[in-house]
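Sequences are here, hints too, so could you generate the full structure?
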Amino acid sequence: MAAQANVGGVKAVEAGTRGGWRMALPGSLWLVAFFLLPLVIMAIVSFMSLGARKTIVMPFTDANYQRVLSALYLPTIWDSVWISLVTTIICLLVGYPLAFFISTRKSQFARQLALFLVILPFWTNFVVRTYAMQTVLAREGVLNQILLSLGVIQNPLELLYTPGAVIIGLVYGYLPFMVLPIYATAERFDFKLVAAANDLGANDWQAIWRIIIPLTLPGVIAGFILVFIPCLGAFVTPELLGGTSTLMIGNLINSQFEESNYPRGSALSITLMALVMIALLLYVRFGTREQT
Amino acid sequence: MRIRLWMIMCLVLAALAAPVFAQDAGGDAWSCPDGFQGQTLNVLNWTTYISPEDDPETAFNENLLQNFEQLCGVTVQYDEGLESTEFAIALLRRGNPGYDIAVPSDYGVSTLAAEGLLEPLDHANMPNVVANLSPSFAGLWYDPENTYSFPYMWGTIAIGYDRAKVGVDVTSWNDLFTYAGPVAWLEDRRNVIGVALTLLGFDPNTENPDEINQARDFLIANSANVVSIAQDDGQELLARGDVDMTIEYNGDIFQKATECEENPDCTADFVYTIPEEGAPRWVDNLVIPVGAPNKALAEVFIDYLYDPQVAAVNANYIQYGSPNQAAIDQGLIDQSLLDNPGIYPPPEVEARLFEPYDLPDSQILYDDAWEEVKLAISR
Amino acid sequence: MAQGTLTRPVRSEVNIDVAKMRRDLRVRQIGKVGYFLNALAAYFFLWAPILVLVLFSFNDSRSVAQWQGFTTRWYTGIFENVAGTSVRGSTTSILDALRNSLVIGSLATLFATVLGTALALAIVRYKFPGKRVLDSILYLPVIIPEIAQAISLALFFKIVFDTINLMRPDQPPATYGYGTIIIGHVVFNIAYVVIVVRARLADMNPRLEEAARDLGANEWQTFWRVTFPLMLPGIVAGALLAFTLSLDDYIVTAMNRGIGDATLTVVVFGMMRRGVSPEVNAISTLMIIFSILLIGISLLLQGRSAVTGRG
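Chains as they are written, first to last, in this note's numbering: chain A, 45 to 336; chain B, 28 to 406; chain C, 28 to 338.
Hints in this document: simulated from the structure, not taken from any laboratory. Worth double-checking, as some hints may not be accurate.
To be verified - Partner residues aside, some chain A positions facing chain C, computed with beta carbon under 7 angstroms:
hint, residue
1, 72
2, 73
3, 166
4, 167
5, 168
6, 179
7, 284
8, 294
9, 309
Since the structure is predicted, the reported quantities are computational estimates derived from the model, not experimental observations. Here a beta-carbon is modelled for each residue, glycine too, at the ideal position from N, C-alpha and C.
What follows is the structure in structure tokens.
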């Protein structure tokens with residue numbers, strides 16, 4: 045932020061007011077025209093009706109929201125929330141120690157390699173990774189074949205097309221989002237604090253709860269948000285791994301799109317955005333307070 | 028009405044002229060009109076819905092798309108993404124993204140035509156169609172003067188199952204609904220709800236919300252064994268062993284049965300049956316969507332598909348009913364297929380078949396009911 | 028550390044709780060083993076499916092679970108099918124889809140990088156009214172679920188196209204295609220480019236620019252000779268991220284696409300819906316190799332930039 049002041053005194057800043065707008069204008073226009081405006085239109089259409097032959101027509105109505113918030117859709121919305129929550133918690137339970145494991149590698153090389161091995165899958169195509177999970181979990185997939193040949197099971201397990209498969213797929217997709225922010229705080233963590241606590245008679249369990257976790261909480265909360273929000277709006281994973289048995293909000297929005305029912309699809313999208321906003325508000329309310 | 032009369036005249040004339048053309052049909056293959064070299068044709072079709080492989084032992088190229096490309100010197104961009112008639116309608120409503128040919132089923136043609144989304148066909152450019160179309164498939168209810176469409180194939184939607192696993196002969200829809208093992212349904216709301224309406228004794232084209240809701244509740248109550256609502260790939264689930272029984276198109280099941288017979292390792296026994304309560308009948312149609320970049324070539328392609336030999340090769344591979352009378356009359360279609368009651372049902376079975384109509388004001392009722400069924404199955 | 032905990036209390040105080048200490052020690056040992064096992068399991072979880080996928084792309088059987096022997100026929104199959112028209116799966120258009128992915132990805136990256144870099148510069152280096160509002164709008168595309176962005180854009184284009192087509196009924200109808208996909212990709216890419224470039228700008232030493240001015244360079248020269256080269260690693264990193272996101276995207280592309288413009292991700296998604304098959308494994312393996320190459324290039328570039336940045 046100090047950079048602004050240093051650029052070259054009053055004159056530069058004055059010239060910069062014009063220059064700044066000139067530079068910001070094309071990008072801003074793009075976002076306004078192709079992002080904000082469509083969202084506003086969607087909000088309006090979510091209150092309109094579907095006419096014969098799938099046209100978007102007046103009058104304004106709240107019927108779309110009544111259906112979205114009825115006993116029909118609410119269970120699916122609730123499924124999306126709990127699937128996302130469980131996914132995020134599993135990511136946290138696995139990712140937290142993993143982030144510390146990476147940050148405590150002794151040599152720089154080992155640390156970078158350990159981190160790289162977490163990030164690399166994140167750079168490969170998400171659809172391809174989901175497919176990889178599909179080949180593992182399928183009825184005649186690798187996992188069932190191994191278990192069958194070991195004699196652990198007699199008949200193949202129904203793993204694919206279950207809520208469990210969706211959760212595994214989401215953890216697989218979003219684990220790096222949990223590890224990275226925690227790693228960023230863990231890397232800066234000073235282990236002398238733990239030694240000091242031990243000296244003062246705290247056992248490891250107490251040291252973890254009283255010192256390590258509070259000091260790395262900002263990373264945990266950031267990771268929580270980074271995993272939870274994309275999970276709420278997930279489509280590819282439940283579509284490929286959930287089959288008919290597991291629907292999330294994303295599937296509902298997509299099927300409204302495929303039926304050209306834009307008013308109802310819009311109402312569902314606005315509801316999804318509202319859920320995300322609630323999650324963010326909770327984050328701002330509690331997350332930022334913990335950081336100070 | 029006059030056009031219809033004219034069409035019948037044409038058919039009569041064609042029948043009279045048949046001896047003249049007989050040599051043509053037997054000897055000369057279809058030839059492409061000049062002037063299309065280097066052009067491109069964009070086709071939107073369903074999966075596994077055209078003869079794909081050349082048999083090197085015959086002179087004729089059974090890879091029908093490649094054959095067309097070679098005969099006309101054109102490129103065919105073939106998109107197998109037509110997942111359902113609803114999907115095709117939604118896609119074309121958004122504005123034709125550049126398809127020259129699409130293959131919606133009966134009520135879809137009616138919907139698309141009513142919304143002005145189809146190009147009228149110039150029959151003069153399609154002599155094969157005029158000569159070879161079976162009179163019983165000319166001017167069907169959804170397009171009485173064949174202004175916009177000609178039939179591609181026809182068939183039924185009923186139960187395909189692996190008799191080796193199911194153990195008994197399936198004769199009723201209730202055998203599917205009450206089956207103890209995993210089954211798949213078809214992503215086709217009008218026809219699946221239509222079946223439920225039929226079982227409940229209602230008109231499968233009802234616009235009465237109560238009746239549709241009863242059909243919905245019937246489906247929900249009988250959905251415990253559903254593991255998948257398949258998008259035109261229920262036969263793959265059946266072949267892989269993911270399900271024992273599926274609601275599917277007849278030809279898709281027969282294709283799998285043929286594959287299984289040719290594979291010595293296959294222990295399955297794939298059977299297609301039209302239950303005693305009846306089943307949906309459909310006719311898929313070649314249409315040219317408005318905005319097609321190459322309407323002239325699309326008409327040539329329709330004409331090509333109506334060549335008796337091409338139509339027979341196609342019908343023999345994909346094993347659906349052919350509306351090409353010349354191909355049947357000239358004995359080009361395998362007799363075993365003509366004798367198969369699952370493809371060409373006998374009159375007493377045909378009497379129990381029903382067709383969904385275009386219901387612009389009530390489509391939303393079916394959409395909502397179907398969505399509610401799917402939501403119920405998901406938990 | 029273990030010794031520290033053990034010895035000190037013993038020396039200083041009474042003979043309290045040897046049992047407690049033993050317990051603590053056991054907790055620590057279990058903890059250490061669990062700590063290591065967790066990491067091992069996590070790496071296994073992240074990598075095993077990918078390795079299985081690659082392995083079975085070389086399997087001489089249609090099964091993607093039982094090993095029958097080595098073959099490369101699924102790979103040659105992809106490329107053979109590319110030339111002619113084949114109706115088996117969607118392999119017909121694999122090369123076309125690859126081309127679409129690269130064209131759409133490159134153009135979207137180009138636009139997003141130019142627009143995003145300008146935005147980042149404007150925000151970090153200038154003051155202007157509305158900056159705070161702009162700042163918060165910039166992060167919305169990252170927060171709003173992609174599927175909501177996708178359907179709102181599709182709806183927006185539908186209304187635009189319906190209006191255009193109504194106004195000029197004689198013309199061929201305007202519809203979705205390359206343009207609509209690229210516009211959608213640029214929207215979500217801009218935000219990421221801004222974040223990455225901004226981070227780089229914040230790390231830069233403004234004194235270097237001051238020095239350039241003091242030595243007589245004008246604003247233009249200062250920018251192109253000093254600021255831009257210093258920003259370049261950030262711009263490249265932002266562009267690579269944008270390119271990856273563009274290649275990765277399914278839902279925005281699927282909802283805003285026309286004919287013949289399906290990207291590799293869309294085509295592969297369509298094939299996956301029909302279940303697992305070795306052809307899909309082969310294509311997926313090629314895509315993984317491509318991503319690894321991409322990240323390798325990006326690391327090389329960043330490694331070099333780190334050196335130049337310090338020097």
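Inset, instruction - Check each numbered hint against the structure and report the violated ones by number, ascending. - result: 2, 3
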